[in-house]
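A.B. asks: If you want the building blocks of each chain, they are given just below.
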Amino acid sequence: ETGVTQTPRHLVMGMTNKKSLKCEQHLGHNAMYWYKQSAKKPLELMFVYNFKEQTENNSVPSRFSPECPNSSHLFLHLHTLQPEDSALYLCASSRSGQGDEQFFGPGTRLTVL
Amino acid sequence: LAKTTQPISMDSYEGQEVNITCSHNNIATNDYITWYQQFPSQGPRFIIQGYKTKVTNEVASLFIPADRKSSTLSLPRVSLSDTAVYYCLVGPYTGFQKLVFGTGTRLLVSP
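Here the protein sequences come in this chain order: A and B.
Per our numbering, residue 1 is the first one in the first sequence, and the count goes up by one each step.
Per our numbering, residue 1 is the first one in the second sequence, and the count goes up by one each step.
These are calculated hints, taken from the structure and not from any lab test.
By construction, the Cβ of each residue, glycine as well, lies at the ideal position given by its N, Cα and C atoms.
Hints are not guaranteed to be accurate.
Unchecked claim - Residues from chain A that keep clear of chain B, each with C-beta distances beyond 10 angstroms, as calculated: (1) T2; (2) M15; (3) S71; (4) G99.
Unchecked claim - Where chain A lies over chain B, by a calculated footprint (3+ residues, C-beta under 8 angstroms): (5) 40 to 53; (6) 99 to 109.
Claimed, not checked - Derived, one-sided and incomplete: chain B residues facing chain A with beta-carbon distance under 10 angstroms: (7) D31; (8) Y32; (9) T34; (10) Y36; (11) V59; (12) Y87; (13) G91; (14) P92; (15) Y93; (16) T94; (17) G95; (18) F96.
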């Protein structure tokens with residue numbers, strides 16, 4: 001257990017569905033991240049929140065919409081996804097900057113049909 | 001951001017010491033070197049971090065030469081459970097300048 005939890009662990013959705021991924025950290029960290037990991041590809045940083053404010057949005061399509069209501073919770077809202085969006089979505093948190101030790105959740109395995 | 005180069009894969013046997021080298025020729029003065037381990041279908045896990053010389057913890061050692069243009073992660077006496085992908089990251093400790101994980105090194109430990 002890393003102190004970062006993600007729900008659901010598995011998700012299958014159609015291209016017209018709307019769903020949300022949830023991440024919660026119990027570590028008192030100030031920064032939270034969303035990463036995407038496609039099959040046999042490196043992790044891609046999607047979004048970064050620091051003290052609930054979004055600091056990075058690495059050219060992610062608008063069909064992915066993050067939300068950070070407080071420093072402990074992070075959501076990724078999904079709508080009209082494409083099959084190529086099928087991947088492992090990982091949430092992480094760190095005390096401060098990105099160079100600080102990041103604690104990762106177990107991930108959500110997303111399949112888009 | 002400093003670009004890193006690692007071997008794509010390495011093979012070892014149980015009980016051996018494994019050294020994974022990462023090249024980062026354009027490392028900046030304020031960059032740290034961090035290593036993560038990732039098992040299939042799991043998030044990466046922090047292993048060790050250093051700035052210069054040698055750092056050791058309960059699971060690994062990190063050797064950084066004086067010019068800091070490379071670093072070596074040393075895993076003593078590996079076991080089957082050390083089979084994983086190992087990532088070398090280089091970047092500043094603070095801020096959010098898009099630290100890149102890269103493709104990593106896939107280590108396979110055999111009996």
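A.B. asks: With reference to the structure, classify each hint as holding or not holding.
C.D. replies: Quick rundown of the hints versus the structure:
1. T2: violated, 7 angstroms
2. M15: holds, 24 angstroms
3. S71: holds, 15 angstroms
4. G99: violated, 4 angstroms
5. 40 to 53: The restraint on the region 40 to 53 of chain B holds, since 7 of its residues have a Cβ under 8 angstroms from chain A and three suffice.
6. 99 to 109: Holds: 6 residues of the region 99 to 109 of chain B have a Cβ under 8 angstroms from chain A.
7. D31: holds, 8 angstroms
8. Y32: holds, 5 angstroms
9. T34: It holds, given that the least Cβ distance between T34 (chain B) and chain A is near 7 angstroms, below 10 angstroms.
10. Y36: Holds, about 8 angstroms.
11. V59: With Cβ-Cβ at 13 angstroms, over 10 angstroms, it is violated.
12. Y87: At about 8 angstroms, which falls below the 10 angstroms cut-off, the nearest Cβ of chain A leaves the hint on Y87 (chain B) intact, so it holds.
13. G91: It holds, given that the least Cβ distance between G91 (chain B) and chain A is near 5 angstroms, below 10 angstroms.
14. P92: Since the shortest Cβ distance to chain A is 5 angstroms, the answer is holds.
15. Y93: Given a least distance of 4 angstroms, the restraint on Y93 (chain B) holds.
16. T94: holds, 4 angstroms
17. G95: Status holds, d = 5 angstroms.
18. F96: holds, 5 angstroms
Consistency with the previously given hints fails for numbers 1, 4 and 11, ordered from lowest to highest.
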